[in-house]
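S.K.: Given only the sequences and the hints, what does the whole structure look like? Please build it.
Using the UniProt record's numbering, the first residue of the sequence shown is number 1, and each one after it goes up by one.
One or more hints might be untrue.
[Unchecked claim] Okay, derived cross-link-like pairs now, DSBU-like style, lysine-lysine, Cα gap no bigger than 35 Å in a straight line: (1) Lys376 / Lys291; (2) Lys548 / Lys487; (3) Lys376 / Lys456.
Treat the hints as calculated values from the structure; they're not laboratory data.
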Amino acid sequence: MILFFILNDYQIKQYAAITLKRKDFHKIYRIIRYYSKKGDDSMSYMSWMFVSSMSSAFIASLVFIFLFIRDKNAYLGVIALGWNIFFIHRLLGFFNISKHIKIFSSLRYVLYFICVFLFIYGIHLFFQQPMKKWWIAIFGVCITYKIIENITDSLYILDRILLILPYVVLAWSGITIIKYPKNIGIGKYIVGWDFIIWGINLIFFTYLGNDSRFIPIANIIFSLIFNVFAFSGVILYFESILQKLEKSEERYKLLVELSPDAIGISIDGKIVFANKAALNLLKTDNIEKIKGEKLENFLHEDYYKHGQEKITISPNTKEKPHLNEIKIKALDGTDIDIETAIAAINYDDKSGILCIARDITERKRAERLKKSVEEKTRLLKEAEKLENLRNEFFANISHELRTPLNIILGSIQLLEMYNNDECKKISINKEKYINIIKQNCYRLLKLVNNLIDITKIDTGFYKTDFQNCNIVDVVENITLSVVDYAKNKDISLIFDTNVEEKIIACDPDKMERIILNLLANAIKFTERQGNILVKINDNIDNIDISIKDDGIGIPEDEQQIIFERFKQVESTLSRSKQGSGIGLSLVKSLVEMHDGTISVKSEYGKGTEFIINFPVRTILEENITKNNNFSINQTLIERISIEFSDIYGA
Numbered sequence: 001m002i003l004f005f006i007l008n009d010y011q012i013k014q015y016a017a018i019t020l021k022r023k024d025f026h027k028i029y030r031i032i033r034y035y036s037k038k039g040d041d042s043m044s045y046m047s048w049m050f051v052s053s054m055s056s057a058f059i060a061s062l063v064f065i066f067l068f069i070r071d072k073n074a075y076l077g078v079i080a081l082g083w084n085i086f087f088i089h090r091l092l093g094f095f096n097i098s099k100h101i102k103i104f105s106s107l108r109y110v111l112y113f114i115c116v117f118l119f120i121y122g123i124h125l126f127f128q129q130p131m132k133k134w135w136i137a138i139f140g141v142c143i144t145y146k147i148i149e150n151i152t153d154s155l156y157i158l159d160r161i162l163l164i165l166p167y168v169v170l171a172w173s174g175i176t177i178i179k180y181p182k183n184i185g186i187g188k189y190i191v192g193w194d195f196i197i198w199g200i201n202l203i204f205f206t207y208l209g210n211d212s213r214f215i216p217i218a219n220i221i222f223s224l225i226f227n228v229f230a231f232s233g234v235i236l237y238f239e240s241i242l243q244k245l246e247k248s249e250e251r252y253k254l255l256v257e258l259s260p261d262a263i264g265i266s267i268d269g270k271i272v273f274a275n276k277a278a279l280n281l282l283k284t285d286n287i288e289k290i291k292g293e294k295l296e297n298f299l300h301e302d303y304y305k306h307g308q309e310k311i312t313i314s315p316n317t318k319e320k321p322h323l324n325e326i327k328i329k330a331l332d333g334t335d336i337d338i339e340t341a342i343a344a345i346n347y348d349d350k351s352g353i354l355c356i357a358r359d360i361t362e363r364k365r366a367e368r369l370k371k372s373v374e375e376k377t378r379l380l381k382e383a384e385k386l387e388n389l390r391n392e393f394f395a396n397i398s399h400e401l402r403t404p405l406n407i408i409l410g411s412i413q414l415l416e417m418y419n420n421d422e423c424k425k426i427s428i429n430k431e432k433y434i435n436i437i438k439q440n441c442y443r444l445l446k447l448v449n450n451l452i453d454i455t456k457i458d459t460g461f462y463k464t465d466f467q468n469c470n471i472v473d474v475v476e477n478i479t480l481s482v483v484d485y486a487k488n489k490d491i492s493l494i495f496d497t498n499v500e501e502k503i504i505a506c507d508p509d510k511m512e513r514i515i516l517n518l519l520a521n522a523i524k525f526t527e528r529q530g531n532i533l534v535k536i537n538d539n540i541d542n543i544d545i546s547i548k549d550d551g552i553g554i555p556e557d558e559q560q561i562i563f564e565r566f567k568q569v570e571s572t573l574s575r576s577k578q579g580s581g582i583g584l585s586l587v588k589s590l591v592e593m594h595d596g597t598i599s600v601k602s603e604y605g606k607g608t609e610f611i612i613n614f615p616v617r618t619i620l621e622e623n624i625t626k627n628n629n630f631s632i633n634q635t636l637i638e639r640i641s642i643e644f645s646d647i648y649g650a
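M.R.: And the structure:
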């Protein structure tokens, strides 16, 4: 194809030289006949010549258009435009073979100047160098001249003088390109010398266009120049790409070497590359000491199985890298905590694994220290909390002990005074003071019992005696047994149930303790003319026992602490209601011993409801001591007296 283009262009250039310079149609005919074979049509040969040159220009334009679309570089777009204009230049020559049209001849000159200018401009854009302003001026003047010449023949005399200037610029630009400091490879010199030879050839062709000896050589040179320029443009492009890749590789290599993070590459599980940070991490200064070693050989024995999974990845996986924390052993035996990211990579045309690791030993040590400090701080706070609870408890207990003891002591002293001969005349109600002494003894007994029971529960020595009981009867009888206490405070106590009998396994004594404690609290914190409702609700698989009052209620922010040991809603020593803060904690423990739950609903100033939920289940028949006969005996009365001992005015 190149040889065919060279031969064709040789004939076309001679034809164009005579057409544009001499306008001698007789010579045109003789030249065409000279290059035609005998018996062949000269016009047919000329047509094939132009078709060949047009195809070469068209292919070059397509190549540079593709490169421009791909990379969006301005110089590629300019050169692509130049090749398109050159294609149009050849196309006009093809249509002008058989019939000479003056405007086509002038327009072809204009297009030729434009494409040469674009080639020069595009190459300078590639080298990021500006064109000289006088170069641009020369091309502008010559293009204007050819346009004016098309109108009149009066300027023909300036052809040989003016039209060689663009060719001088072309040769000069070639020299300039060679001198550019940008080291792009051989492509710079090919383009530079191509422009120099192209410009010189055009200058000689302008003056020697009539010499038939020069015309074949000039046309061969022109053909070579255009083909070389097309190939050199592509060479420049790929050399620039190669140079960018080399620079990019150098940057990444520098980045890898200077990276503070350890970077290594393994193929088939064996280390083939490690940067300086990786060598430092493994406590070595020679990569040969670790090259070829398997990654898992550096895993800490405690992390071997776990860590092996984290450093294993399929080379073909598309999974995004994620961070893992493992422990490794350096060559000197040092344990090192690292944070790693694993990704698949192609290295030396082989599928491998890229591992980036960061030494987090100090961070892990700091985290452990932080956890230790936090744990010690937590323990300190708990100790302070327990100390506060202990102080509050002892202050509370001392109050609970001192108050009834003072009352007992005062009552005894009063009775002693009565027995004294000097005070016999004083009339006192001995039974009243005996009851006061008894009530405060019960109060002390309740406190001691609660303390003993809490201690037993904590140590696991608190025993339960489960029996299959009708829970409805148990709760109802306990409720009825304290009706008189409620009436003494002008409080209405009501019992309600949606089931008459429900047999469950429970400890009647512990159940009695639970209900009495909650009823005592309800009566204690309910004002006169208040109401207390005890209700049982059967849910088939479980049963709810609700004790609801319309007393003073519990603030919302304190509802979470009422079941904590030694906690009270009113925690001051001058509180209006007596209590040690153990009762509800004990109730919660007793409920949980029955695998039940207890919750509270309360609105401050409107009342409180305690809801106990027990699972419905029974024990084996052989262990049954069915307790449905609940009677109010002396023992129960004493228990009630103990539980209600801190309710004054009863």
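S.K.: If a hint holds in the structure, say so; if it does not, say that too.
M.R.: Outcome of the hint check:
1. Lys376 / Lys291: Measuring from Cα to Cα gives roughly 46 Å; hence the hint is violated.
2. Lys548 / Lys487: 17 Å, holds
3. Lys376 / Lys456: 29 Å, holds
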